[in-house]
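Protein chains: 2
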Amino acid sequence: MTPIPELIARKRDGGDLSAEEIDELILADVPDYQLAAFLMAVYFRGLSTRETFALTDAMVRSGETIDLHAALGRRVVDKHSTGGVGDKATLAVGPVVAACGVPFGKMSGRGLGHTGGTLDKLESIPGFRVELTTDEFVSQVRDIGIAVVGQTANLVPADKRLYGLRDVTATVDNVSLIAASIMSKKIASGADAIVLDVKVGDGAFMKSVADAEVLSEAMISLGRHAGRDVVCELTDMDQPLGRAVGNALEVREAVATLKGEGPDDLEALVVESCAHLLELSDLGVDLEEGRRRARAAIADGSAVEAYERWIHAQGGDPADGALPRAPFIREVFAGRDGFVHALPALPIGLAAVHLGAGRRTKDDPVDHAVGIVCRKKRGDAVEEGEVLAEIHARDEASAVEAATAVHDAYELGDDAPRAVPIVLETIGA
Amino acid sequence: MTPIPELIARKRDGGDLSAEEIDELILADVPDYQLAAFLMAVYFRGLSTRETFALTDAMVRSGETIDLHAALGRRVVDKHSTGGVGDKATLAVGPVVAACGVPFGKMSGRGLGHTGGTLDKLESIPGFRVELTTDEFVSQVRDIGIAVVGQTANLVPADKRLYGLRDVTATVDNVSLIAASIMSKKIASGADAIVLDVKVGDGAFMKSVADAEVLSEAMISLGRHAGRDVVCELTDMDQPLGRAVGNALEVREAVATLKGEGPDDLEALVVESCAHLLELSDLGVDLEEGRRRARAAIADGSAVEAYERWIHAQGGDPADGALPRAPFIREVFAGRDGFVHALPALPIGLAAVHLGAGRRTKDDPVDHAVGIVCRKKRGDAVEEGEVLAEIHARDEASAVEAATAVHDAYELGDDAPRAVPIVLETIGA
Chain D
90 MTPIPELIAR KRDGGDLSAE EIDELILADV PDYQLAAFLM AVYFRGLSTR ETFALTDAMV
150 RSGETIDLHA ALGRRVVDKH STGGVGDKAT LAVGPVVAAC GVPFGKMSGR GLGHTGGTLD
210 KLESIPGFRV ELTTDEFVSQ VRDIGIAVVG QTANLVPADK RLYGLRDVTA TVDNVSLIAA
270 SIMSKKIASG ADAIVLDVKV GDGAFMKSVA DAEVLSEAMI SLGRHAGRDV VCELTDMDQP
330 LGRAVGNALE VREAVATLKG EGPDDLEALV VESCAHLLEL SDLGVDLEEG RRRARAAIAD
390 GSAVEAYERW IHAQGGDPAD GALPRAPFIR EVFAGRDGFV HALPALPIGL AAVHLGAGRR
450 TKDDPVDHAV GIVCRKKRGD AVEEGEVLAE IHARDEASAV EAATAVHDAY ELGDDAPRAV
510 PIVLETIGA
Chain Z
90 MTPIPELIAR KRDGGDLSAE EIDELILADV PDYQLAAFLM AVYFRGLSTR ETFALTDAMV
150 RSGETIDLHA ALGRRVVDKH STGGVGDKAT LAVGPVVAAC GVPFGKMSGR GLGHTGGTLD
210 KLESIPGFRV ELTTDEFVSQ VRDIGIAVVG QTANLVPADK RLYGLRDVTA TVDNVSLIAA
270 SIMSKKIASG ADAIVLDVKV GDGAFMKSVA DAEVLSEAMI SLGRHAGRDV VCELTDMDQP
330 LGRAVGNALE VREAVATLKG EGPDDLEALV VESCAHLLEL SDLGVDLEEG RRRARAAIAD
390 GSAVEAYERW IHAQGGDPAD GALPRAPFIR EVFAGRDGFV HALPALPIGL AAVHLGAGRR
450 TKDDPVDHAV GIVCRKKRGD AVEEGEVLAE IHARDEASAV EAATAVHDAY ELGDDAPRAV
510 PIVLETIGA
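Protein chains in written order, with my numbering: chain D, 90 to 518; chain Z, 90 to 518.
It should be emphasised that the hints constitute simulated quantities derived from the structure, not laboratory data. Hints should not be assumed to be uniformly reliable.
As a list, the in silico SDA-like pairs of lysine to any residue whose alpha-carbon atoms are at most 20 Å apart [as the list claims (entries may be wrong)]:
| id | chain 1 | residue 1 | chain 2 | residue 2 |
| --- | --- | --- | --- | --- |
| 1 | D | K451 | Z | P120 |
| 2 | Z | K451 | D | E95 |
| 3 | Z | K249 | D | D121 |
| 4 | Z | K451 | D | T91 |
| 5 | D | K296 | Z | A98 |
| 6 | Z | K296 | D | D102 |
| 7 | D | K296 | Z | K451 |
Predicted, not measured: the structure shown is a model, and the values here were computed from it.
The following block holds chain D by itself, in its conformation from the complex (with noise of 0.2 Å):
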């Protein structure tokens, strides 16, 4: 065993550390000083691909891994967000893909800055439950075809521990890092085909197309490493994605898009993941015949049903009633005729962490009611004192306060932008 000083006298000076080397940082007793000035150094000097290769395999052996593929005896697909305001798509693509046959597994995080967390969102339909045992998380993916739920304690404790120590030393932002934490959560849980959502924008973790894209590459090649399939679609977080940022607000939108009612960029982003999930699906089809029968399982209702049947296995209660509701909702109005030239994603999301709908800190409590509806978006004609959004408050003072602050995140002028498609590039497919 070498030195953990040594270790990191060597990163610090641009060397290389073999898999052996990485297995002794990160699964041996290393103190948190010592990852620490490891991962600042890493923040420096960078991890080659095969040291990537080592930190993620590393990670995945620090705890449980699931085999789905062993335990239902056929392909499983799962799908990942880096994170976005607004977005919701999985509570969309989940029971768009069990409709379709192919069964959804899939473990997810809670929400923490301005970006929302899936187990957020679904904590609030009442009832529901995200803390399942990895043996009801497998026996549901089987039974219903779709499981949505927490990150076992045990899973990828590794990722836990480095991602709290990056998170409080400022080593968030390296590519390597960034790459073997999702990824390292996604091989130890067991899909066999991962479409990643790799947002791009001022809402996102990612701002530039061209860092996405070194993300994306060192991602597919973490999965590829692994044996599994990996597609990144890079998509547009320069605003918001649909029109409701807040929890039950946001399932509320889902379940709309899973009746084919949703927001034309949502529905869009759903078809085109799931048609890339089915690809990579044991169905045998194509991408076009995946949108296809994509669209298909929302028009003919099978979608929303699935919607229904998983909602019910975990313990909530699907109907719209049941949903929570804010006791104000302030309307923000434009203040001159012209077009939404920008609506960015960061102060909205910050916005909706304000009303309470996320946590400035790990421990806030959430809540669920508020939010905000972007009535408007980019492109959007609008005439003076039309409603741009609403704001779903627990009470006045912190609706005025969001609405100002939506008011003032708008951006209005006098022509069209031009149109930016919500999938702005797709990798590995």
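Once you have looked at the hints, place chain Z on chain D.
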């Protein structure tokens, strides 16, 4: 208060921190892992002069400070070495300066790795107490004119913490951090004027004169900022200082030097260091007069008398016969005629550690009797079969092992190498 991760991120990105922000990092209760990440960011980005001032200042304020000037009503001098092999200069410099009538008060450290520590050398004297209270320290400097003690636990506790972290996170090697570590302790322990012996060579932390110059300028600047006079002597550590390496052996050589019977390089360094200290004192003498007085104190016996007073004052027995002696002495012989071309300090220091004279880890015990006496040094002529060195060992096996290492360390050649002075350069005089 700025959140700590933001401060780390700013330094990581090459920005500057304010004095208040550095106070927050050093004086607030920041976890080790955040400090470790900060230190690695400093390793890559460095600290500005203002940041280094602020860091040193915060470190000084982290604990107790001693105002020797106020306690004695006159200027007090101190001397510090950055650490080398066979460096017993303090044991001779202190008594010479005291014999010249200038108060000498020094807080010293223990050895780690291949460099010895003054406290360990002093503890080879039976009965010698290195742990005085601050009051005892101050009284002894006033009454006896000299005291050398271990750092009190509460002197610059921030340095203990930072140094402990740097040691295990590969962040030792940064000039601002080194300068702040040394100078915070010198400033807190209260001397008005400090002579810093900056070792340069294979056995020293600084491998090149250029690096030592940068460190010296930084330390002089920190001293000036705190109102202290600082002179840096850059001295040769490409071979051990003097002949003796090992605690009791070094005490004996220091006493010989106080009697005018020491090795040339050690005597030259002691006289030069004392001359600078006398020049910086309140005696009002110039450097040449300082040299004259230092030589006179050695010649007239007052230096060795001051040594004996000092050792008695701290409970020790200054008689040569009181020092421990190793049971095994083995000689190392020259395999050819010629000249000693090189006698690198590092392998000699490591061989001494191996014999038990030093510590590999912080909690190792030290064997005060063992060590190495280099009878031949760089430039000396040797004949085949002549004794190069003596190994003083606890047992025969370790003597044999050390003899091989020491024999291999000697580089013999045909011609006399170019002479190198012990003091390579003086800065700040």
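Consistency of the hints with the structure:
1. This hinted pair checks out: K451 of chain D and P120 of chain Z have alpha carbons roughly 18 Å apart, not beyond 20 Å.
2. About 18 Å separates the Cα atoms of K451 of chain Z and E95 of chain D, which keeps this hinted pair within 20 Å; it holds.
3. Among the hinted pairs, K249 of chain Z with D121 of chain D is consistent with the structure: their alpha-carbon atoms are about 18 Å apart, no more than 20 Å.
4. About 19 Å separates the Cα atoms of K451 of chain Z and T91 of chain D, which keeps this hinted pair within 20 Å; it holds.
5. Of the supplied pair hints, the one linking K296 of chain D and A98 of chain Z holds, its CA atoms being roughly 18 Å apart against a limit of 20 Å.
6. Between K296 of chain Z and D102 of chain D the CA atoms are separated by roughly 17 Å; this keeps the pair inside 20 Å, and the hint holds.
7. Restraint check for K296 of chain D and K451 of chain Z: not satisfied, since their Cα atoms lie roughly 48 Å apart, outside the 20 Å limit.
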